[in-house]
Structures are given as structure tokens and as C-alpha cells.
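Given chain A's structure and the hints, the job is docking chains B, C, D and E with the ligands onto it.
Chain residues, written in single-letter form:
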Amino acid sequence: MPQLVVSGLTLGAVYALVALGLLLIFSAARVVNFAQGQLLMIGAYLAIAAQVRHGLPAWAAYGLTLAAMALLGVVFMLVAWRPLRGRPTHLVILTTIAMGIILENLALIVWGPLPVSLPAPLVGRPWRVAGGVITMQQMFVMGTTMLALVALSLFMTRSRFGVLMRATAQDLDMARLVGIRVDRTIAAAFAIGSGLAGLAGLLVAPLYLAEPTMGGSLGLKGFVVAVVGGFGNLPGAVVGGLGLGLIEAFAARYVSAEYRDAVAFIIMIAMLCVRPRGLFGETVGERV
Amino acid sequence: MRPWMLIGWALAACLPLLLGSGYAVQVADLALLNALAVLGLNFVTGYAGQVNFGQAGFAGIGAYVTALGALAGLPFWLALLAALVVAAGASLALGLPTLRLRSFYLAMATIGFGEIVHLVLLHWESVTGGSSGLRQIPPIGIGRFVVGTDAQAWWVLLAVLALAVLVAGRVRRSWLGRAMIATADAEIAASLTGLDTLRVKLVALMLAAVYAALSGGLYAGYVRYVSPDQFGNQQAVLLFSMLVLGGTGSIGGCLIGAAVLTVLPEALRFLHAWYMVLYGAGVVAIVLFMPDGVVGAARRLGRRLGVG
Amino acid sequence: MSLLVARGLVKGFGGVRALDGVDLEVAEGSISAVIGPNGSGKTTLLNVLSGAYRADAGSIMFAGADMAGRPPLQFARQGLARSFQNIRLFTRLSVLDNARVGAMGGHGPSLAAVLLRLAAHRTAEAMATRRARAALDQVGLGGLADAPAGSLPYAQQRLLELARAVAGRPRLLLLDEPAAGMNMTEAMALMDIVRRLRDGGITVLLVEHNMRLVMQVSDHLTVLDFGRRIAAGGPDEIRRDPAVIAAYLGPGHGEGGAPDA
Amino acid sequence: VCTGPIRVAVVTPTTTALALLGIQAANGVRFAADEINAAGGIAGQQVSVTVEDTAAAAGTALSAINRVLEPASDGSGPIAVFGSPISPLVFTQSEAIRKAGVPFLVTATNAGITAQNLPWLFRIHVHDCQLATLVPAYAVQTMHLQKPGIIVVGDDYGLGASKGMQATLAAMGITPAAATSYAPSDRDMTAQLLDITDKGADGIITFGRPGDLALVLKQIRQLGISLPRLGNTSLMAPTTMANVTDDEADGAIGIGGMLPQSGDARAQAFAAAVEAKYSVPADNFTVAYDDGMHLLKEAIEAVGCDRAAIRDRLAATSGWQGLLIRYTADARGDLAHTLGVYRNHGRSPQLLGTVSEAGF
Amino acid sequence: MLEVEAISVAYGPVRALTEVSLRVAPGEIVALLGANGAGKTTTLATISGLQRPRAGVVRFEGQPISGLAVEAIVRRGIAHCPEGRRVFAGLTVAENLLAGGAIHPARTDFSADLARIYTLFPRLAERAGQHAWSLSGGEQQMLAVGRALMARPRLLLLDEPSLGLAPLLVAQMFAAIARLNRESGLAILLVEQNASVALSVAHRAYVLENGSVRLSGAADALARDERVRAAYFGG
Ligand SMILES: Nc1ncnc2c1ncn2[C@@H]1O[C@H](COP(=O)(O)OP(=O)(O)OP(=O)(O)O)[C@@H](O)[C@H]1O
Ligand SMILES: Nc1ncnc2c1ncn2[C@@H]1O[C@H](COP(=O)(O)OP(=O)(O)OP(=O)(O)O)[C@@H](O)[C@H]1O
Ligand SMILES: [Mg+2]
Ligand SMILES: [Mg+2]
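As given, the protein sequences belong to chains A, B, C, D and E, one line each in that order.
Heads up: the first sequence is residues 1 to 288, going by the working numbering.
Heads up: the second sequence is residues 1 to 308, going by the working numbering.
Heads up: the third sequence is residues 1 to 261, going by the working numbering.
Heads up: the fourth sequence is residues 1 to 360, going by the working numbering.
Heads up: the fifth sequence is residues 1 to 235, going by the working numbering.
Chain A with its partners taken away, still in its complex shape (with noise of 0.2 Å):
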């Protein structure tokens, strides 16, 4: 029992952090990023390169890989949405598609298919608690988590960047008509949602293995916990994301290992059936 707490906490962390950062591109450019994961798994994989093939030290293998996250974010905005921008979204959406498939592919190309591991950064004895036994990886993941999620969450309400964020997000040329640099906003948006997506591959390089296909499954139940957390909503992802993890975790014991992610996709839609806008949507307003 605690020891699935302890598995099933872990993995929806990393659900939540890939939710958090599809939530944050979409709180700026309106769309789902459906590339999510695979950009999880380039920033796994760059993290190994850094630190395995070219021996740089944890520390800085870290802040190169965030960095070049943050780098591929913009450029991934500009390939991907900058010249769709104003069109419908469903055309985002097979454009991010799409671009996940060629990360995937490229990632195949360069790095082969073999999967490979990340050393964990923290060394130290596991924890044991009520009976479960939790290793350090596993509370790094779920620390980080947490102050993602604190330092996202106070730039979206409390800094004015995030207000311009929203804005733009919400009206693309109104926000260009009170003189918001759209571009860089959204620049920025993709940067940190991006460096999000590169800090999972991070965390679960170590205890899952880089493949270049890690990211499809990973990537969808991000997605998964955007929406029963409510689109939109920070905390909501986390909580979502956990209880995710939770639940998964508790059917794979219980219910059926087979149709584990059947009961979890069986849950969310019949929250959504209570819940049509996720467990913390706002009724984001329509006026007749």
C-alpha cells in the first residue's frame, strides 16, 4: 500500500510537470502542444549526452540541457506556431503533431534505439516510511514538482508578464493593439514550457530510461491531467496529475494491470461527465 503511494506519487509528478508545462504554452498561445512528451524525451536524451557521453558534471549538464530546452521552446515557436499564428487550431494541433513525430524520428536517427540511463544526481540510501521505501530520485522528483509548480503559479497571477501572457492568449491582436510584443511573449511562453517539458526528461531519465518513443505515452497523460485538472488551471494539473499517478498505481494492484490505463481513462471521463470543465475548471465565460 504505501509503496504504491510512494510509485504511483512519482509518476504523476512527472504527469504533472509535462501538464504544467502544456498549460503554460497554452496560457499564451492558445494551443495544445501535443509535441509535449517528445520534447521530454529530447531533453532526457540531452541530458544523458551532456552528462554521460561528454562527462560534464550533474550541475551542469542540468543547466545546459534546461538551457537548450528553453532554446528549442523558441525555436519550436517559430517553426510551429509563429507562421500559424490567427488560424484555426486545429491545425496547431496536427502542426505539434507533426513536429512530435520528427523529434521522435530525429531522436532515432541520432541517438539510436537503444535505451539508455541517466545516473541519478542524488546518491543516497532510500527512505523508509510506513512500510514503503522511497529513493531520493523519487523525492527529488516529487520536490521539484512542488516548486515548479509555486514559481509557476505566482508569475502567472502575480507578475504583470503573466497578465500579458493571458492577454495574449486571449486575443492575439488586441494584445498587439495595447503594444504587448506578442512574439517574444509567446517566445517566452514556449521557453519555459519547453525547459518544463526538458526538466521531467530530467527527473525521469534516472528512474525510467530514455527511449525515443518514452515521450508518446507520457505526453498524452500530461494532456490527460491538463484537462481533469481543468485547462488552465496550475494546481489544478498537479492535483490532477497525482491523482493520476494515484489511481493508475491502485488499479494496476487492484482492478487489473491490462486495463490499468483503461480504469484511468474510464475515470476521467466520467469526471468530465460531472465535471464537463475538470476538477478545477473555471466556467470560462461565454455571454449570450
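In short, the hints are calculated from the structure, not lab data.
Even for Gly, the Cβ is constructed at its ideal location relative to N, Cα and C.
Some hints here could point you the wrong way.
From the structure, some residues in chain C lie toward chain E, with a derived Cβ separation under 10 Å [to be verified]:
1. P153
2. T185
3. N210
4. M211
Which bits of chain E does chain A cover? Going by a derived footprint, with three or more residues having C-beta under 8 Å, they are [as the list claims (entries may be wrong)]:
5. 61-75
6. 92-100
Frame of chain A; chains B, C, D and E with the ligands shown alone:
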């Protein structure tokens, strides 16, 4: 029907004679099957504006019910008919609770549906044969006639597609088609004209499911083997891409989108490992340079030629 | 005869009480108006009366039926149609098709009839087209039937909303600021249309800030302020009502919607 | 008699989540072909290998097989086709092979593959049914497990094996403590492992691919479980070894297709050469395809380029010595009947011995 | 300060403006009148950079600005309050106003600006924490104008600011416009359907018809013009 359309259908009927080779005809057959599913998707996504990533799931239901029916000894067409009914039922089960949802929430619910179908196909082994699927499915046929070659399959599938296009056109030009588009464009206004928008969306989803099941059922009889991997999320995304690429809301666009995205990966095969990268890049390029799909681009070109 | 009788309507949003016990009667065959300061609850009232919002309390009798709590499409099927303050057209449909959606309402034939082109389908389509064209002619959009609705300029989009509402042959038509964005000459032309609709048997309830127009066209006015009815009566009565002048019209308002040049 | 270069095709996933398997397979054929060509080809003709990607989807697999079966401009089709290690993909392609009449050498491990009554199809790798009998037998007879827990990857490969092993155990009067699986994309198997230990298992039998078995090994240690571990040879595959610690790997026993890394000097040289050439280690499948190519060469040299003759020749294979095992064709078209038993010492697998299917 | 010289604008094949020229001097209120579809909104959109002219040039304080990005034009001192309000629906009233000051340095203290706007439109103060989508039509209109003022522009482009406002508020709005103009010398280019009010506050006016300037002159002269009265005053 306009003359150029007639010419198009006539050319299509001659295609196997022009292509000659088995491989090319077989790719063309798969394109027809995809086109059927995309045409269905167009009702619910193109017209009624409801995102649906569950289309591959409906195709899977259609394929498995057809396969099981035919393996159990039903005539192929009867098994196919049963598949359409089951898929229609599944669409109601999915649609009733979820069609009230909006945009991303609906997208997620339909992705979930697709995943659930996939998992059931994979794990309900005693019925579906699990991941090794169902083999030696009786071929497409009616009465004495049985489809034997890829070219025969092409003619049968083309006839089915033509019927599907006819039905799609009739729906589009009727109050139902208008109601679907009205629901997508301004749901509140539509319901205040007295339209039961939930029902309209349900009908659209049901048509989508029936088309998908038709595509899946024919696939089962054509390939004569079904396995869950053909009906996963990747396929759902592919079908969605075909719709967008061709031009959402346009029947011709569905056909073109299905053709392009079935043939493009094949045409890029010579690039080996790079072909998936190029494929992704191709989709991005098409979206960037033909935002309203191939059909929209053609229309714009036509206008320019007409004007200039 | 009152076509519509609402009693004690209440609608709150969080802390805001947009409607706070509003009574309203609309006589059959009349043009009535609801006026009031911005944010006084006029649009909310129309939303409640058309079923788009559900009232927290109060009753609505429309054409003899108790409508409170019913979904919008039942209001429509009972013979109610409306236009919107923020235009909501079916932008991908042609002008004619917008009106045809209005004309057909919820009475479309079955899927089988559509697919097989049965008589039911053909007569329904013919009827819808006839009514839609008539409605377009009534508002003066007859010439634009094939244009995509999304491409019309603002004022014509408003007219199309009107046509769509009228095409369903409603008994009661609710109009929310139909003349917004029109100049006086255009607004006057619109009011001629509204009058003709009334003469054709449609009862009209409108919300409008253009006083010159409202006073000319309405038989009866209801004035809201902070979600309450502060006055009701004929145009002359209202124009002189001190409470209305203080809350809404402002001093110096005889005829026009604004100080005259 | 053969005219012109000898065309051989490989249809296998080289993209998607199954890319590693497919690439390791294709490497075997390519490596052997290069070796053969360097030594003068087959009957004086050079071998040309085309690799077609099937992705992980049936539709793509179908197009891929039809494409390779397409006659070239000179009218000649491939002499033989190597199919993939993935059973559903091979099933999808079987009808096309039947129509075209081309020898089809596969490693897909689903037992049903060779039960299709398809005379053109040969399997050059051991299959689930053999493992499903031998692994539980080893668990019970050699390791003396009475109540093993089973955890497998939830795809055709793992689930098929799980079903077979449960049947074998049942025949020996043993019910497993638990039989669970994880989705191929799952990264957290703790729930399943806990299920097994909670139900009082005295050992863990696992079946999976290298990437995920590394995780299983890791998580077993993370959870502090110290039960004996037995499974397929993915437990000692180089990919697995690269991603676990000595402690996590040590003591696990694997049975299955044989690995070149722990074979004799020749096999080790092969493993080193393949890894140096393709930067991807050779595994049991690489060996099988390499053997398959050499077997094909000998068949062609013996009977020429007539496909039916090649087929008949392959069907008559008996005691042909490959890199690690001998191949003998049975009536269904299965050629491999010998499995290796390995045990990890730290991260280096050691061959304990081989076991053969009854009758071989 | 603003010179629009012979601009022509088209939407695809649709010609919206043909060689429109107009001028706004510092401290001046200029009204732009015209029937529906005459091209008023297009003219403002071209000035603020949302539309590119096919021909002609827009100059602001002597510098050509047509061709600059929208963001850059705002930063030169032109604020545009567009047709249809366009409030940021998911932001609160206060956040909308904050966004209006986007061009000012990050550390700017907006409290004085906010106070000024709340005195201009007290209803906004009452609704400060409410999401903009839930405001009534008129409240949204106030917010849109308030937001434009937050940029502290030197030239304000107003597209139908009285749309949906109650008579009392129309009067207040125009009084406010006149006061802003008088007290801080703010130049205003005003598009307004309510021709009589517009001409009562404007110094000069232009009348557009089918994308071309048909009439122009002093506001009071135009207000007396028979053609103008027939077309825009409702007879
Ligand atoms: N969905 C909602 N959520 C929260 N508040 C709302 C909502 N709808 C309306 N309100 C508030 O209720 C009040 C009445 O709004 P309503 O739209 O009915 O006013 P109105 O009389 O139509 O005004 P106007 O003339 O400006 O259009 C307003 O203060 C508005 O902010
Ligand atoms: N996005 C667009 N696409 C195509 N045509 C357009 C577009 N916007 C405006 N037009 C056309 O350009 C012309 C001028 O439109 P504009 O909106 O500038 O007029 P306006 O004077 O502001 O009218 P209104 O009083 O209705 O606001 C009209 O004929 C209109 O139909
Ligand atoms: Mg209102
Ligand atoms: Mg305008």
C-alpha cells in the same frame, strides 16, 4: 454532379488498369479504406465541429465485429451490417455523456475511448485473440462473388466509397448538414432556433462511427487479418490529419487528404530512417502553405487563374 | 391578451444580482421594449426569457405554457425566437442557409427521409427555402442569399440574425440591441422592418439604447435598474418619469438618444 | 542457376517503439550479406539487401511486404524475404507471401506463426511454446519454485508466453501466485511486483523486452524484493546490462534464444564486429538472421535460384550448424529447437548450458 | 500630427478603401462618418497597422508608420480602441486595464492611471475583480475605452465608443472624450454612428462613402449640411 467529378470517378475506376502492379493497387485500396473513415470523421469534426480522436476505435469495433461474425459463419455482408449496428451503438454510448463537453475536454474523452477500445481488443483474448489478432477471416463477398485480387477489391471499395460520398453529399445538402454546421458555428443560436443540438451532434457522431466501422469491416475482409495495433491512437491521429490536410468540411478534401497521407509515407520510403522525419516535415509544410487544406488551396488557385 | 407573463424573476451570478424580482408582461401583437442603464439586467432578462439561462426563482408563462426551467429549444418550439447582442451567425453557411436553419428549427425530417430523398424531405426543404427567402426579403437581404454569412458587413449581419429569427415564424421575437452600430437613418429603416413584422403578426420585445427609436416604435416600455423594474408604461409616461430620467435618460432628454447638436 | 544479383528483402520495424528489435534483426541480415559479398557472393552473384520499415502498424507492414514482393524493372522479385520478430506484423503479411510464393524467414515468436499451414514460411528462432514449456520446467525442476509469480510485457510476445507458461505449470500441478503484465509503454511496474510478493510468491518469472526488463530488475531491487528471478534472455541482453547495476542484474536466470556475447570466441568476435559496425549490440535475433542468411546462401548454392526449390531445400534442413545452435526443420517450418540457459554474474551473463526441445 | 495620404486597402479581391487621405492636427478631435461598410473601421485598422495599405502612406508626427508592426505603432503613441470591444474575456477588469499599460516599463506604478479611469467609469471600479466576459455589453465598452487610455496615448483612435451605451453614459462618454481632449490635448480620431453627438464634440469631420472621402470640413458646418442630415441623422 459536375462533369469533372464524373471524369474523376471514371478515371478512378480505371486506376488498377493504369497502375498494373499489385503493390500500387494495394496502397490505393488502403487509401480508399482510409477515405471512408475520414469521410465519416468529416460529419462530426468537419461539419458539427466536435473533435473526435475515437475514429480508429470505431474502425476497430467494425473490423472485429465483422471478423468475428464472418468467422462464425455469417455471410460477409451480414457480419458487416452487424458491425455497423454495434458501432452505432458504441457511438451512442460514447456520445450521450461526452458530447456536452467542449473542445479539449471532448478531445480527451474521445482519445480515452480509443484507448479503451484498443485495450479491450488487446486483452479480451478469448474473443479478440489478443495481440495476435484474428486470422483467416473470410474475404469480402456477397453471395457467390468473392473478392480475390487487389484490383477487384479496388472496384468494390470504390463502389462503396461512391455510395458513401453520395450519402455524405445528401446529408450536407439537407437540413441535417446545415444543422451540424450551425451547431458548430454557434451552438446557442442553433438551439434557440429549436434545434436539439445534442441530437444533431449524436447523429453526426453516429454517422462517423458507421463510416469508420464500414472502413474497418472492409479492412478485415480485405486484409483477412485484424490485430489491435491497426486501431490505436496513431491511426486516429492519422485519420484526423487526413481530414485537416484535405480541408475540413469538404467531401473532396477528405478523399484527397486520405489519398495524400496514405501515399506520401509510401512515396518517401526510399529515404529509410529519414522518411518519418520528412513525413512530419511534409505535414508541417502542407499546413503552413495550404492552411485551408488541399481543397482550399486548389480553390484559391482556381480563383487566381479565373481572375488573372 | 398577454402572450408572455413573467413574475418575480431572479437571477444571480456570484455576488451580482442581475435580476432581482422582475415582473414583465408582453401583450400579443405589441412592440414592447426593455430599457435601462448598462448592466441593469436587460440581456440577462432576455436570456432567462429565452431559456438560455435558467432563472433562480420566478415563473414564465409563454403562450399559455409554463416554461420556467425548460431548455432553450423548447422555448423555440413554443414559438419564441431571438437575436443576440453579440452577433451569432452560422458563419460557414450561406445567408440563405442561415435563414433555412431558422425556418426548419427542430422540425427536420428523419435521417432516412434525408438519405432516400423521401417526400417528407422534399416538402420540408421546399418549405424551409420558401420561408427563408420570404424572411430575407422582409429584411432586405434577398439579393445576398448565396453570400457566405461570415463575409457580410456588421449591419447586414444584424439583419441576417433578424431574418433567421423571423424565418421560423415565431409568435414572439426578442431583439437585443438590434440597431447597435447603425446610424440613425439605418436604424429607422430597421424599425420599419420591425413594425412590418409586428403587422404581420409577430409580437416583438426589444432591448435598445437608441431612445429616439425606442420611443417611436414601442407601445409599452419596461425600465430596469439594478435588476429591478423601476417603471413601466407607454413612451410618454416613461419619458417624463423622474426615476427613469435620473437613472437612465439623463437630464435634457426629450427625443434623441443624445444631446442634440 | 542465378542471373543477376540476388535480391533479399527484410521487412521489419525500423521506426516506432519496436525500432530496436527491428534494427537488430536487419543488422543480422546485412552483416551476413556483407560477409558473403566480401567472400565472392553466392554462386558468383552479389547479394543485395533491401530493408523496408513496417513501423508498428499492420497497414504499413502490408504495404511494405507488397512493395518488396513487387518485381524489379528486370522482372525479378526477391529470392527470399526476411520477416520481423513481431508476430502480428508477420500474420498481416502471410497472405501476401502465400500469393507471391517466396521463402519467408521470420523470427516472430508466436507459436501460431508456423501453424498457418504456409509452406513458404520458416522460423529461424525459438518460439514461445518452447519457452513456455522449458522455463516453467526449469523453475520447478531446477530452481524448485512452488509458487512463482509471473510478470510479462502486455503485448503479443509476453502475453502469449504467460498463457503458455500457466498451462505448463498447471500440467505440473502448480498454480502461480499471480500472473500480471504491464503495457509496453508502462514505466512503473511496482504495482505488479507488489502484487506478486504480497501473494506470497517464491520466485518471479518475467518475460519482456530488454528496455523494460531493465526496469523490472531495477524496481525489484528498489522494492527490496530478494526472490529468485527467471525469464527470457532479455534479462541478460546487452541493452539490459547497460542500464542496470551489478547488484540489480546479479543472479537472474534467463532461458531463450542464444546470445553471441557469452558464446565461444567466434560468437564473441561476431558480437564485437556487429556492435562496431552498427553501434547497436547484437542480440539473439541478430544471430538468428545472420544464420538465416547463411542458411539461405547454402540453399541457393545447392539448388539455384528457383524459389520453390529453395523452399524445399530449407524444409529439408537437418542439423545445419549456425553460429550458436544447430537448425533442423520440422514439419511446421520451425528450424530452431535449442535454447540457452544463462545466469548473470554481476552484469556478465554466463552460459549454464543448453536445453533442447524434446525430439531434437 | 497624423497624416493619412491616399491609402488604398483591399481584402483579397474586395476593395475597401480607395485613396483615402485625412489629417488629424495635435489637440484635435476629428470625426469619421459613413454608412455601414463605408470603410471607417478599415481606415483605423490601417493607421494602427492591423491592415497594410496597398498604396499610400500613413505618417505620424512626421515619420511614416505604415509598415511598422502593430506593437511598434502603439509604442509611438497611438492607441486604438477597436470595433466590437475586444476585451480580454478571461482577464478581470483590473487585469484588462493593466494589460492596457503594456507599453510602459515593467516597474510602472499604474495606480494613478487606474484611479483616473475608475473616476471616468465608476462602474468599472465596482467590477474590478470580475472577469471581463461576464460584464454587460455597455460595461465592456467602458472597459475597452479605459484600456486604451491606460497606454497614455497622444492620439486615440476610437471605433464606435458609444455602441451599446445607455443615453446617460453616451453623454458621459462624450463629455469625457471632450474633457480628455481639452485638458491633456489628446488628439482623437473618432468613428461614430451617432452622427449628431460625434459632430457635437468634433472639431472637424470626414464623411466616407464606399471607401472614398466624400465630404470633409468643420464639424458644425457638416452638421448643418443637408446631405449629411439626410444620410446620417435619420431625416
Ligand atoms: N454570466 C455572468 N456572470 C457574472 N455576472 C454576470 C453574468 N451575466 C451578467 N452578469 C452581470 O449582471 C449584470 C447585468 O448584465 P446584463 O448583461 O443583463 O446587462 P444589460 O442590462 O444587458 O446591460 P447592457 O445594456 O450594457 O448590455 C451586469 O453587471 C453583469 O456584469
Ligand atoms: N475581413 C474582411 N474580409 C473581407 N472584406 C472585409 C473585411 N472587413 C471588411 N470588409 C469589407 O470592407 C468594407 C469596409 O468595411 P469596414 O468594416 O471598414 O466598414 P465600416 O465603415 O467600419 O462599417 P461599419 O459601420 O459596419 O462598422 C466593407 O465592404 C466590408 O464588407
Ligand atoms: Mg445587454
Ligand atoms: Mg466599422
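The hints, checked one at a time:
no., hint, in the structure
1, P153, "4 Å, holds"
2, T185, "5 Å, holds"
3, N210, "8 Å, holds"
4, M211, "5 Å, holds"
5, 61-75, "holds (count 5)"
6, 92-100, "holds (count 5)"
In this structure, every one of the numbered hints holds.
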